[in-house]
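Asker: Sequence:
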Amino acid sequence: MPTQVQHRSAGWLVPRVYGHFGEWLQGRLGPEGPVVLVTLACTAFQAEASFEPAHTLHLRQSQPEIVTPDQLRLLLRGAALPESGLFWLSGTVPPGAGAGASTAALVALARAAGCPPERLAAACLSAEGACDPLMLGHPDGVLWASRAAQVMAQLQVPPRCEVIGACLGGPVRTDATDHDFPDISDLVLRWRAALRAGDLPELAALAAVSAQRTTRHRGPVQDPSARIAHEIGALGYARAHTGSARAFLFAPGTAPQGAEAALLRAGLHSPLRFCTGGAR
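Residues in the sequence shown are numbered from 1 upward in steps of one, following the UniProt record's numbering.
These are computed hints drawn from the structure, not numbers from a lab.
Any given hint could turn out to be false.
Pair ranges (Cβ atoms, derived) [as the list claims (entries may be wrong)]:
1) Gly267 / His217: 15 to 23 Å
2) Arg73 / Gln156: 14 to 22 Å
3) Arg60 / Gly137: 23 to 31 Å
4) Pro53 / Glu32: 25 to 33 Å
5) Ser84 / Gly278: 35 to 43 Å
A quick note: this is a predicted structure, and the numbers were derived from the prediction, not measured.
A virtual CB, placed ideally from N, CA and C, is assigned to each residue, including glycine.
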C-alpha cells in the first residue's frame, strides 16, 4: 500500500500519510558516519491535513499538539510556499512512540499546501531537523539518513511480516541533534544479503541485534523485549530507537492468538497488530 491516499472533503484535498512503528535497523554508518535507518512501515496509523487559502496563517489540530505554528512556518518556507493559509490537521499517530507522528503530520500539511514531491524531504527537515522517509512510496525500501533527509541506498522492501506491537513506557521525543548511536555498518551489509535471499528469519534476527545494541548503548536498562520475543515465539523484534514502540516479528499466519497478554504482563501497553513489508 502506498504511503499516501488522496480523497476530497468539503472541496479540500486531504492527503493521508501513514506512519511507521520503530525501525528494522538504526545506528551510525561507521563510527563517525551519519545516523541511518530502515523504517518499519505501518499503515495502522495515519495523519491527514487540509488547506484553504487565507491572508494569514492558521493551524487547527486535534490534541495533543503535533506541529507548532513555528514549525509550520519553517515547513512552508522550506517548501518555497507562501506562509499563509488555513490548515487543519488530524491523525492517529501516537506522539513519542517512534511512529512518525511529526513527520507524517508535516508531510500531510506540505502536500495539502501543494508542495512538490521533490521538496518534501527538505521541507520536513527544515521544520524539525530530522525526519522519517514517510514521504516516499516505499519508506521501508531505502537506507535513510534521518538527520540529512537523504536516501543513502535503495533497498528491496522486506518480505511480508506480521507484527504484534506495543509501547514500553511513556513518550520519548526525538532530539535531532542526537547522534549517539552504535555502529551498524556490519548489519547493513547483512541486511542487503538477507533481502536478496528473502530471508525473513534472518531479517528479524538482524532487527533484534540492532535493537539490542541501541538498548545496551542508550537504555532502557530493564527492557523486557528479548524475553518477550522468546516467550511468544517471535522470529525477532524491532524497536523505536528514539521512542517507546516495540514490534515482535512473525512469519505470515504464525502470530499467536492471545500474545498481547504476555506484553501487558511485562509492562508494555497499547498493543496492536498489523502487517508490514511485501507488496502493500
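Asker: Hint by hint, say whether it matches the structure.
Answerer: Hints, verified against the model:
no. : hint                        : verdict
1   : Gly267 / His217: 15 to 23 Å : holds (21 Å)
2   : Arg73 / Gln156: 14 to 22 Å  : violated (38 Å)
3   : Arg60 / Gly137: 23 to 31 Å  : holds (29 Å)
4   : Pro53 / Glu32: 25 to 33 Å   : violated (46 Å)
5   : Ser84 / Gly278: 35 to 43 Å  : holds (42 Å)
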